[in-house]
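*Asks:* Okay, here's what each chain looks like letter by letter:
2 protein chains.
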Amino acid sequence: MGHSGTLPVITAFEASPDEGQGLARDMRVRWALEEVGQPYDVRLVSFQAMKKPAHRALHPFGQIPTYEEGDLALFESGAIILHVAQRHAGLLPQDANARARAITWMFAALNTVEPPIVELEQAPYAEGDKPWHAQRMPLMEDRVRLRLDDLSARLGDAHWLDGAFSAGDLMMVMVLRRLEGTGIVEDYPNLAAYVARGQARPAYRRAFDAQRAVFTGKKAE
Amino acid sequence: MGHSGTLPVITAFEASPDEGQGLARDMRVRWALEEVGQPYDVRLVSFQAMKKPAHRALHPFGQIPTYEEGDLALFESGAIILHVAQRHAGLLPQDANARARAITWMFAALNTVEPPIVELEQAPYAEGDKPWHAQRMPLMEDRVRLRLDDLSARLGDAHWLDGAFSAGDLMMVMVLRRLEGTGIVEDYPNLAAYVARGQARPAYRRAFDAQRAVFTGKKAE
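Respectively, the protein sequence lines represent chains A and B.
Quick note: the first sequence, position 49, residue 49 per my numbering, numbers continuous.
Quick note: the second sequence, position 59, residue 280 per my numbering, numbers continuous.
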């Protein structure tokens, strides 16, 4: 928005379901782009438009974000961030082994830590009216805690998961943020401090303000 | 097993919970290594040993597979396969854009398609004794079908998801295989044919036989 020409273009919700809290997956991509100093344009899409053929040509599952750069079109926040991190300095270490380990944390965030968190998050919407809902919530919380026990043990008193801040931390911080309001992360002081460290980064703040401006209707720039 | 010296080493279940059906995540890594022609060693771990500090040093979440190569240690099947695919020809296209799209399908398999499949798969173990279990099963099946509707529409009558066979297809085929026995994939003839195409690859067969040999107690070689 406000940029012109050949900048990469991402998509985001026209009507933010979280009212600008920055929990939608475009926030992850915005943060990554801010970390590497790459300006970008945003195209907002409505829930209706997301399910139409034009958007599905970009995203087969009818979701956001997408990423367009010249004739390249990508979807999946993990893939987009890895692409950005591989093309620009700032999100992955130079050393090949350290780089592979940072990428491992991206996958761990998306395939090991996030799925039980999504289950917990979506249950009130999907099954909140079912008679079993109240009984299932503690079971789902236990599954999340199982992952957080291990994550907290591995992080220990380090600042980031493996050396310097990386795309793996970016992804993990964003995944943990989805637990806001549950009080679960607060039971792990080192994870709570880890999330706060992520949120204190200038690039995070710029990304957060930009996505929030979509909700408030103000220009971030 | 049976190799010596400097080969990469992966871990796999000592006692295969699926009795050699090749549904554990070491099968994905074995398949990738076979596709690129990289021999490997396997260290089998018991369920007890998986949760002990020595294994957790390799895998913070106490799971398999892990991957060790010289002084590099990785976990997460997605990260391991991406590492293998980036170091060897055979799993990712040479063209940079096509490469980024193939990696996108890896993330789509792991973060968009697999999570509802894991939910459906684990429910009988985790909640099979609960009064709500029978009523929840169709809800979970619907969530899987939502993803498969979109995936089937995108695949159409193509052989693979984006041009030639890639690590993205490898991962998606393995994720869809987790639905075996549910009859769901069979409702999408193009997806059933896609899975069968993956399983017909010589590298798949070699990997399958190797993991099956752990269960039957026979040497694959």
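Treat the hints as calculated values from the structure; they're not laboratory data.
Computed from a predicted model, the values in this text were never measured in an experiment.
Don't be surprised by glycine CBs; every beta carbon is placed ideally from N, CA and C.
Mixed in with the good hints there might be a few duds.
[Stated by the list, open to error] Below, in silico cross-link-like pairs of lysine to any residue (SDA-like), each with a Cα-Cα straight-line distance of 20 angstroms or less: (1) Lys130/A - Gly377/B; (2) Lys351/B - Lys51/A; (3) Lys51/A - Gly377/B.
[Unchecked claim] Stretches of chain B that chain A covers, calculated by requiring three or more beta carbons in the stretch to come under 8 angstroms of a beta carbon on chain A: (4) 234-241; (5) 245-252; (6) 371-383; (7) 402-413.
[Said to hold, decoys possible] Facing chain B, a subset of chain A residues (Cβ under 7 angstroms, in silico): (8) Leu74; (9) Glu76; (10) His83; (11) Asn97; (12) Ile103; (13) Thr104; (14) Phe107; (15) Leu110; (16) His133; (17) Leu148; (18) Arg154; (19) Phe215.
*Asks:* Now look at each hint and say whether the structure bears it out.
*Replies:* A quick look at each hint next to the structure:
1. Lys130/A - Gly377/B: It is violated: about 36 angstroms lies between the C-alpha atoms, which goes past 20 angstroms.
2. Lys351/B - Lys51/A: Roughly 36 angstroms between the alpha carbons, so the hint for Lys351/B and Lys51/A is violated.
3. Lys51/A - Gly377/B: Holds, at roughly 18 angstroms.
4. 234-241: With 0 residues closer than 8 angstroms to chain A, the segment 234-241 of chain B misses the three-residue bar; violated.
5. 245-252: Coverage by chain A is violated here, the residue count being 0 at a Cβ distance below 8 angstroms.
6. 371-383: That given contact holds, which follows from 4 residues of the segment 371-383 of chain B lying within Cβ reach (below 8 angstroms) of chain A.
7. 402-413: Coverage by chain A is violated for the segment 402-413 of chain B (0 residues, Cβ < 8 angstroms).
8. Leu74: 5 angstroms, holds
9. Glu76: 4 angstroms, holds
10. His83: Since the shortest Cβ distance to chain B is 5 angstroms, the answer is holds.
11. Asn97: OK, holds: Asn97/A within 7 angstroms of chain B, min 5 angstroms.
12. Ile103: 5 angstroms, holds
13. Thr104: 4 angstroms, holds
14. Phe107: 4 angstroms, holds
15. Leu110: 4 angstroms, holds
16. His133: Given a least distance of 9 angstroms, the restraint on His133/A is violated.
17. Leu148: 11 angstroms, violated
18. Arg154: For Arg154/A, the interface hint holds, since the closest Cβ of chain B sits about 4 angstroms away, which is under 7 angstroms.
19. Phe215: 25 angstroms, violated
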